[in-house]
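Dock chain S against the given chain L, drawing on the hints supplied.
Which chain is which? The protein sequence lines are L and S, in order. Note that the working numbering gives residue 345 to position 345 of the first sequence, counting from 1, and the numbers run on in steps of one. Note that the working numbering gives residue 17 to position 17 of the second sequence, counting from 1, and the numbers run on in steps of one.
Calculated from the structure, these hints are not laboratory results. Since the model is a prediction, treat every value here as computed from it, not as a measurement. Each hint should be verified, as a subset may be incorrect.
What the hints assert, rightly or not - Selected chain S positions facing chain L (Cβ under 10 Å, derived; list incomplete):
(1) L16
(2) S29
(3) L30
(4) S31
(5) H42
(6) L45
(7) R46
What the hints assert, rightly or not - Stretch-level coverage of chain S by chain L, calculated; a stretch enters the list once three of its residues show a Cβ under 8 Å from a Cβ in chain L:
(8) 19-27
(9) 32-40
Claimed, not checked - From the derived model, a few chain L residues whose C-beta atoms are all more than 12 Å from chain S:
(10) P13
(11) S80
(12) P274
(13) G285
(14) L297
No residue lacks a Cβ here, since even glycine has one placed at the ideal position from N, Cα and C.
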Amino acid sequence: MHLMDILALRPVPAAAVLMAITRRCPLRCGHCSTGSLPGSEEHPGEIFQRFAGTFTPANRPELVMLTGGEPLLRPRLARSLAETAARSGARTMILSGMFFAPRIPASIAGAIEAADHFSASLDAFHEEEVPRRSVFAVMRALLARGKDLSFHLTGSGPDDPYLRDVTAEIRREFHDRIPMLVGRVRPVGRARAGAPVPLPVPGGGGAAGESAAPGAETGTAPAAGSAGTATGSGAATGSGAAPALPCAMAAWPTVGFDGTITACCNQDVVDHRPVPGHLRLGHAGADDWSTVRERCLTSGTLRALRTYGPLRLAGAPPGRGYCETCRELEATPPPHTPAAAFLERRVRDMQLAGGGVGFAGRYGCPPYGDLVSLGHPWRKHDL
Amino acid sequence: MTFDPLDELARAGIDLTLAGPEQREVVRSLSEAEVALLVSIHGQLREGSPEVEAHIVGGLLF
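Just chain L, with the same shape it has in the complex (with noise of 0.2 Å):
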């Protein structure tokens, strides 16, 4: 499974889920958005394995996708969980920090074999922990068996030199064979801690490239007006100015570190409790997905928020946050006409068109939004 088609998913309603199997992780990294440790929180595997064992071949999602923390501190968990969705014809994708390379230790070998698609996520603070020559060696390793594989990269923005350098090198060393979903580092986590995030130097201490993006921590919106020109009350008509960004976030539920179920994987929202009401789906140790997935499809909000985003739908005034003003959204939806219907299906269109480089354009660093496709056969290659 190419990192296109998994993307391509991304604005899918309940296409896929996400689970964090666990918060734990062994590397230190100073950007993590979960604050994960060696001692962080985990959980019974069992809440894991009875959600994914709802899943049948007439109602589950195409994809299951495990993460953490280090989903690969479990690695009986994530085989078990591959397997199980695997028997329901459900794929699984694995997200590593890749703690364990240059080797691959027999039982993370057994994960990985189970799981579709593996991602190694690397960055210039990943680097400080495992070198950057480590997980290559691994991603040689599983290249040559066949794996479907994928990087996910973080800088600090289209001018870190860190990106330039790393995915340069990672051209160069896999004959474009292996394709990249290149990130910026938010202020979620430890990252959070203290602002602006200082990139270490790959090889040596002090800072890099840019600090995190002005704007980043609260995800402020454009101005006012920038979108929005309707006139009116309620979502589609306009409430004020307050521009229309639908939400391609809301699609996906999430399975948190202790099973609770949310519509987003927004890091607050996955590690506040209580979950907002209008976020919350279930838990894995009480709800079936067949029941989780008609939440996510039927509730007016969400449908709402996929088409018009919070920030119309609550009527923010300028320069409020994005995911914020989610979070505390209290608006009712507007009412399920042809015409509302009927925009929800076109801004879903809209958003499947532009597949997986359109989705790396809009939310990850866009002049690296086509190493999406590399490796992909449909690729351009003149690119």
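Then chain S, alone, in the frame of chain L:
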């Protein structure tokens, strides 16, 4: 000039040629504000402007 949602959307590059009669009827019922909203979203998606604090579990962009 009378407001025609189909014309407005086509001018903005929103292709509705595959829309059936029923869907076209719905489109004709859209208000100017609703059409403006769709056009603005279309423009933002084409520009690829990031707008969400994407991320996310494990420091990854999903």
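Right, here's what the structure says about each hint:
1. L16: holds, 9 Å
2. S29: Status holds, d = 6 Å.
3. L30: This interface hint holds because 6 Å falls under the 10 Å limit.
4. S31: With a closest approach of 6 Å, the S31(S) hint holds.
5. H42: Cβ of H42(S) sits 6 Å from chain L, so the hint holds.
6. L45: Because about 5 Å separates L45(S) from the closest Cβ in chain L, which is inside the 10 Å limit, the hint holds.
7. R46: holds, 8 Å
8. 19-27: holds (count 3)
9. 32-40: This one holds; 7 residues, not fewer than the three required, reach chain L with a Cβ under 8 Å.
10. P13: At roughly 15 Å from the nearest Cβ of chain S, P13(L) sits farther out than 12 Å, so the non-interface label holds.
11. S80: holds, 19 Å
12. P274: holds, 19 Å
13. G285: holds, 18 Å
14. L297: holds, 19 Å
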